[in-house]
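So the protein lines, in turn, are chains F and L.
Once you know that position 102 of the first sequence is 102 in this note's numbering, the rest is easy, because the numbers rise by one and skip nothing.
Once you know that position 62 of the second sequence is 62 in this note's numbering, the rest is easy, because the numbers rise by one and skip nothing.
Among the clues, some could well be false.
Said to hold, decoys possible - Here are the computed distance ranges between Cβ atoms for each label pair: (1) A81/F <-> G16/L: 24 to 32 Å; (2) S69/L <-> E15/F: 30 to 38 Å; (3) I63/L <-> N18/F: 40 to 48 Å; (4) A78/F <-> D64/L: 36 to 44 Å; (5) T30/L <-> V44/F: 34 to 42 Å; (6) R60/F <-> P85/L: 38 to 46 Å; (7) N22/F <-> I63/L: 24 to 32 Å; (8) E54/L <-> P111/F: 31 to 39 Å; (9) S69/L <-> A81/F: 38 to 46 Å; (10) L114/L <-> K69/F: 22 to 30 Å; (11) E53/F <-> S1/L: 37 to 45 Å.
Note that these hints are calculated values from the structure, not bench results.
Where a beta carbon is used, it is the ideal one built from N, C-alpha and C, also for glycine.
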Amino acid sequence: SQQGEEDPQALSIQEGENATMNCSYKTSINNLQWYRQNSGRGLVHLILIRSNEREKHSGRLRVTLDTSKKSSSLLITASRAADTASYFCATGNNQGGKLIFGQGTELSVKP
Amino acid sequence: SAVISQKPSRDICQRGTSLTIQCQVDSQVTMMFWYRQQPGQSLTLIATANQGSEATYESGFVIDKFPISRPNLTFSTLTVSNLSPEDSSIYLCSVGGQGYQKLFFGSGTQLSVL
């Protein structure tokens with residue numbers, strides 16, 4: 001069953017603005033990851049945050065994790081039209097690579 | 001990182017037929033994962049394919065409907081059998097990176113069943 005819930009389901013912003021997506025999960029995790037999917041094709045791994053970490057940065061991406069609230073957020077700063085895609089969170093609990101994906105946020109960045 | 005070649009990229013099939021999807025990885029991997037993504041939905045794990053043993057299926061997925069082969073450490077196939085319009089989805093194969101934490105994905109197979 002799906003464990004992650006993401007909000008918003010869809011987000012439309014102007015180029016240069018920041019985009020924030022949220023993810024909640026239900027069970028204990030070892031790590032939480034964010035993936036990007038362009039036009040229904042293969043997913044690309046963006047960033048992984050471990051359960052003992054609270055914040056992580058990678059370029060224009062900032063991820064936070066609050067295990068007490070079982071939630072995470074992905075912030076994309078200074079968004080670009082090329083950031084238009086669907087973004088999924090996924091949780092792992094060390095079951096040999098098995099991940100459970102959230103419902104996804106569809107981000108549209110208008111030039 | 002791993003490079004995964006998945007084919008076909010898309011297909012249109014008739015009801016009652018079967019489609020076999022192939023995934024080739026550029027390195028040897030122990031486990032490969034097959035996911036389904038129904039229209040507008042998230043990814044659902046179908047099964048985990050280990051080389052030399054039977055695939056492990058998730059709840060709601062059965063071998064008769066989704067037979068999987070894993071003849072070696074770089075290749076796997078997923079067959080979607082006895083197709084119905086409800087099988088119209090994107091099917092994705094993936095492999096684990098170091099420590100099997102993050103996943104690398106193939107480009108997906110978009111299946112439409114008429």
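Verification of the supplied hints:
1. A81/F <-> G16/L: 24 to 32 Å: 43 Å, violated
2. S69/L <-> E15/F: 30 to 38 Å: 46 Å, violated
3. I63/L <-> N18/F: 40 to 48 Å: With a Cβ separation near 46 Å, I63/L and N18/F satisfy 40 to 48 Å, so the hint holds.
4. A78/F <-> D64/L: 36 to 44 Å: For A78/F and D64/L the Cβ distance comes to about 50 Å; the hint is violated.
5. T30/L <-> V44/F: 34 to 42 Å: 22 Å, violated
6. R60/F <-> P85/L: 38 to 46 Å: Holds, since R60/F and P85/L (Cβ atoms, about 41 Å apart) stay within the stated range.
7. N22/F <-> I63/L: 24 to 32 Å: The hinted range 24 to 32 Å is violated for N22/F and I63/L, with Cβ atoms some 37 Å apart.
8. E54/L <-> P111/F: 31 to 39 Å: 50 Å, violated
9. S69/L <-> A81/F: 38 to 46 Å: 41 Å, holds
10. L114/L <-> K69/F: 22 to 30 Å: Check failed, 46 Å falls outside 22 to 30 Å.
11. E53/F <-> S1/L: 37 to 45 Å: 22 Å, violated
Consistency note: the structure conflicts with the earlier hints numbered 1, 2, 4, 5, 7, 8, 10 and 11.
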